[in-house]
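Given chain A's structure and the hints, the job is docking chain E onto it.
Keeping their order, the protein sequence lines are chains A and E. If you count the first sequence from 1, position 52 lands on 52 in our numbering, and the numbers rise without skipping. If you count the second sequence from 1, position 107 lands on 107 in our numbering, and the numbers rise without skipping.
Rather than coming from a laboratory, the hints here were simulated on the basis of the structure. Each residue gets a CB set at the ideal place from its N, CA and C atoms; glycine is no exception. Do not take every clue at face value.
As the list claims (entries may be wrong) - Taking CB as the label site, the calculated pair distances span:
#1 E/M47 <-> A/E243: 39 to 47 Å
#2 E/V184 <-> A/F132: 58 to 66 Å
#3 A/Q190 <-> E/A66: 42 to 50 Å
#4 A/H194 <-> E/M115: 44 to 52 Å
#5 E/M115 <-> A/K79: 54 to 62 Å
Said to hold, decoys possible - Some but not every residue of chain A turned toward chain E, in silico, with C-beta under 10 Å:
#6 I142
#7 P153
#8 V154
#9 I166
#10 K195
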Amino acid sequence: MARIECPECGHVEETTGLVTVCPNCKADLRSVMEQVGHRRERLREVVSDDSVTTHEFIVRTKDLAKIYKMGEVEVPALKGVDLNIRRGEYLSIMGPSGSGKSTLFNMVGGLDKPTRGTCYIEEVDMAQLDAFELAWLRCRKIGYIFQTFNLIPVMTALENVTLPMIFAGMSSDEMMERGAMILDLVGLGQRLHHKPYELSGGQQQRVAVARSLANNPAIILADEPTGNLDLQTGKEIIDLLKELNEESGVTIISATHDLKMIDVSDRVVHIRDGQVERVENRADIDLDVGSLGQE
Amino acid sequence: MIKADLAKKIYHADTDWGQVQRQITLSWGQAARISYRNVTMRLGRAMITGAGIVLGIAFLTSVWTAKVAQEGITAYQAQSARVIGGEEAALAPGAEEAEAEERSRAARQTWLVVMSLLVSAVGITNSMLMSVTERFREIGTMKCLGALDEFIVRLFLIESVVLGLLGSIVGALIGHGIMMLVYVMKERGVAAMMNWPEMLMYMGIALLIGTILSLVAAVPPAMRAAKMPPAAALQTEV
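Just chain A, same shape as in the assembly (with noise of 0.2 Å):
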């Protein structure tokens, strides 16, 4: 951690080397790294030479590979995967179990260490983290949805929705304020004191949706949101986070094999055995789910 004072407007700011631009005017502050000096050759290493200009990406991986190692055999989970998702795009990784769609998900989230290759998370290479660093982004820069909802069972709805504010070191009554706010947008402005226990799957989902949000991330990773709901509730939820892509512009990167996924998406990506096996835009998708409901 190094303290950068921002030339422009003299805001002090506490920077791993992740933060080139002063939060408080923008200003560039990497020529000011550069003199005091450190992590210079870090922000050489974790930001690439073309991130200014390739900043429409906001995840890329390139020739991404996991092999897991079960006693003596090798398995490929993932052989190879390059991917460019888009900031603001609406991102479904669709594919059979075991085509690698969670291995996929689990590199992208910082959760788990590719064997090969490399994945970029707004021009940061996730590989050159630290494990604060690492945290650093789970916290601020990604929401996780998962399948079994993973809420803290010994917390209350607004507890669990705090939780990530909590790690970012937002003061108490900020914390309770906005995560009263978050859960009134999902619908829950009525289960705030709710455990999860109390809640049905698709109102517990909903908790997790607004645990994403907490901290105003970039990106949010859906692990099969919908696995775990009946249609009409998985339906509630593909729609809530639809909206939220569109009202805020955060990216949703989401591993599914449920159909219903295909309406909203901006792009599908197919993965089978590993691979990528083919992307479809919106407009061939729309074709697609139009024959399949004449059959």
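Only chain E this time, still in chain A's reference frame:
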């Protein structure tokens, strides 16, 4: 369904982000709150973990209570003997042997106490390991939300200190109570003969030992929990 103004407030929250907060924190206060939740919500599990400490400390305190009570009685008897005899009581012929026997009895007792404390420490470690395993998914989730390894360790250590302290208090009261009952039946006025400051000191030491033991026993499971990569922690089915 989304209320536009609400949404606007949330997405463009004008919090003092950049000001302080390019960091990840978990204050001790918040950690204590979460740990407290974990203990009270999983009372059954907590009580099993605590039971090990309760028993160990109860045994330790009962031994010490017996010691203090016995010394009190002996001193009282010696004093009354002096009052009655009016002269220094000469050492009885068998006194030296009795003293040697007393010493070996004390050594045996120390051995027993140390063993019982060790057993209860192993019990707590075992119990904590179970409770960590049960919570793998939860730990993985917390890591996804931005928890550092040390947060996880902190949560488990606070929990174990609280359990250790509560367990020690209960254990000390039980051990002391039972032993006092035994001695009251033996010698009605024993309470008046005892050296209470010494007794309190022993109980304080017992609390300290119980808490520290519980803390030390929880370190290996807590470390294990913290080191799990989030993906692995999330996949575990318990």
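Hint-by-hint comparison with the structure:
Checked against the given bound of 39 to 47 Å, the beta carbons of E/M47 and A/E243, roughly 46 Å apart, stay inside it. Between E/V184 and A/F132, the C-beta spacing of about 59 Å keeps the proposed range 58 to 66 Å intact. Look at A/Q190 against E/A66: about 59 Å separates their beta carbons, and that is not inside 42 to 50 Å. The hint said 44 to 52 Å for the Cβ distance between A/H194 and E/M115, and at roughly 48 Å that hint holds.
Roughly 57 Å separates the CB atoms of E/M115 and A/K79, a value that falls within the hinted 54 to 62 Å. Among the interface hints, the one on A/I142 holds; its C-beta lies about 8 Å from the nearest C-beta in chain E, closer than the 10 Å criterion. Among the interface hints, the one on A/P153 holds; its C-beta lies about 7 Å from the nearest C-beta in chain E, closer than the 10 Å criterion. With 10 Å as the threshold, the beta carbon of A/V154 comes within range of chain E, its nearest partner Cβ sitting at about 4 Å, so the hint holds.
For A/I166, the suggested interface contact is upheld, since its CB lies about 5 Å from the closest CB of chain E, less than 10 Å. About 9 Å separates the beta-carbon of A/K195 from the nearest beta-carbon of chain E, less than 10 Å, and the hint is met.
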